[in-house]
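There are 4 protein chains.
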Amino acid sequence: MSMLVEFSVVPVGKGVSISPQIAEVLRIVVASGVSYKANPMGTVMEGDWDAVMSVIKKCHDVAMINAERALTTITIDDRKGKEERIEKKLESVEQKLGMKLKK
Amino acid sequence: MSMLVEFSVVPVGKGVSISPQIAEVLRIVVASGVSYKANPMGTVMEGDWDAVMSVIKKCHDVAMINAERALTTITIDDRKGKEERIEKKLESVEQKLGMKLKK
Amino acid sequence: MSMLVEFSVVPVGKGVSISPQIAEVLRIVVASGVSYKANPMGTVMEGDWDAVMSVIKKCHDVAMINAERALTTITIDDRKGKEERIEKKLESVEQKLGMKLKK
Amino acid sequence: MSMLVEFSVVPVGKGVSISPQIAEVLRIVVASGVSYKANPMGTVMEGDWDAVMSVIKKCHDVAMINAERALTTITIDDRKGKEERIEKKLESVEQKLGMKLKK
Chain A
13 MSMLVEFSVV PVGKGVSISP QIAEVLRIVV ASGVSYKANP MGTVMEGDWD
63 AVMSVIKKCH DVAMINAERA LTTITIDDRK GKEERIEKKL ESVEQKLGMK
113 LKK
Chain B
13 MSMLVEFSVV PVGKGVSISP QIAEVLRIVV ASGVSYKANP MGTVMEGDWD
63 AVMSVIKKCH DVAMINAERA LTTITIDDRK GKEERIEKKL ESVEQKLGMK
113 LKK
Chain C
13 MSMLVEFSVV PVGKGVSISP QIAEVLRIVV ASGVSYKANP MGTVMEGDWD
63 AVMSVIKKCH DVAMINAERA LTTITIDDRK GKEERIEKKL ESVEQKLGMK
113 LKK
Chain D
13 MSMLVEFSVV PVGKGVSISP QIAEVLRIVV ASGVSYKANP MGTVMEGDWD
63 AVMSVIKKCH DVAMINAERA LTTITIDDRK GKEERIEKKL ESVEQKLGMK
113 LKK
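Residue numbers (my numbering), protein chains in the order written: chain A, 13 to 115; chain B, 13 to 115; chain C, 13 to 115; chain D, 13 to 115.
Excised from the complex, chain A in its bound form:
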């Protein structure tokens, strides 16, 4: 069983440019070995609850080392009996559309 999860971590009060902090977050995601796809607004991962949540906790904790405050948002789309949805979910939409989407 695996879940699809998008998350983002935003440090508050550390200035307007937060790309160094987002780089730290993505370094943790890549090092975790969990399946992921980055997008301009967050990172999508696929895995079971404990695997995915332990990565997000590490990312949130890293943001809180250097910031007084952080906002972390997590959206979970959990569906029984489906695997590799990080690839297949959009492929299924592209098939219905009869075209490739920008990613």
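A portion of the hints provided could be inaccurate.
Intra- or inter-copy, both count: the list cannot distinguish identical chains.
To be verified - In the DSBU-like style, the derived pairs of lysine-lysine whose C-alpha atoms are separated by at most 35 Å in a straight line are:
| hint | residue 1 | residue 2 |
| --- | --- | --- |
| 1 | K26 | K94 |
| 2 | K69 | K26 |
| 3 | K70 | K108 |
| 4 | K108 | K26 |
| 5 | K26 | K92 |
| 6 | K49 | K108 |
| 7 | K26 | K112 |
| 8 | K26 | K100 |
| 9 | K108 | K92 |
| 10 | K112 | K92 |
Because the hints were derived from the structure by calculation, they are not lab data.
Given chain A, put chains B, C and D in place with the hints provided.
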């Protein structure tokens, strides 16, 4: 250290009315003993990461017993050196406004 | 027809304490006359798309006057043939639970 | 001035598989001519408030034609003096990481 967390769990494909499932979720929240406030769009809790996330996992798991698919959204506002923000955050806003807000 | 909508506006890079900005947002919500309920993580409103979105745009614009960057999140729960859900949605859950919830 | 916006529309009570509805949403996004990138959890667009929100309203309205209920979530990251962030935001993170990310 405590975090403020809002979450909601929506079973997908179980029909349009989901108040029985939301009742199950709130039964778990109340039984957990974690500080909470319910609103028409979700439930706000205050506590440390492990306490709050274990409640949300239970709520998500209950939804997945009876549904093929569930969407769970979690928003975390974590701030160092502040406690009882579930009460004080809005009180601070009301002081600045010089009026009581509808809740 | 009316929708239930929760939103929050967070200025980024304006320091850790943002309650003055949240007060500005709630001043706009109250002045709009739209049905609302404030909670520690956001504000729930009920109304049609144009009414609700024009309030949220004003709130977002006010945040952007004084900040270089702002994050605004909006969650819409739209359901046909239901009114006054800002009150009735939780009442329906309380009936199923057989208890009053903290709000 | 342009904003970065991620959104998703989920019809509730229309069964577990919603890829036909997501295909309808993406057909509207593509036809709008607004800059976009699709990901497994939502669609990111870049444009001004009115352009982007009118696309999202059309997508929400299409979902409500065929469903009794729909959940639409919108996250806005608005930043002054920056353009083409739909490409540049992740490129800036990749530069800091010294590696290409999966997208």
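To see whether the hints hold, each was checked on the structure:
{"no.": "1", "hint": "K26 <-> K94", "result": "between (40 Å within a copy, 18 Å between copies)"}
{"no.": "2", "hint": "K69 <-> K26", "result": "both (20 Å within a copy, 25 Å between copies)"}
{"no.": "3", "hint": "K70 <-> K108", "result": "between (38 Å within a copy, 19 Å between copies)"}
{"no.": "4", "hint": "K108 <-> K26", "result": "between (44 Å within a copy, 17 Å between copies)"}
{"no.": "5", "hint": "K26 <-> K92", "result": "between (40 Å within a copy, 14 Å between copies)"}
{"no.": "6", "hint": "K49 <-> K108", "result": "both (22 Å within a copy, 17 Å between copies)"}
{"no.": "7", "hint": "K26 <-> K112", "result": "between (39 Å within a copy, 25 Å between copies)"}
{"no.": "8", "hint": "K26 <-> K100", "result": "between (37 Å within a copy, 20 Å between copies)"}
{"no.": "9", "hint": "K108 <-> K92", "result": "both (22 Å within a copy, 27 Å between copies)"}
{"no.": "10", "hint": "K112 <-> K92", "result": "both (26 Å within a copy, 32 Å between copies)"}
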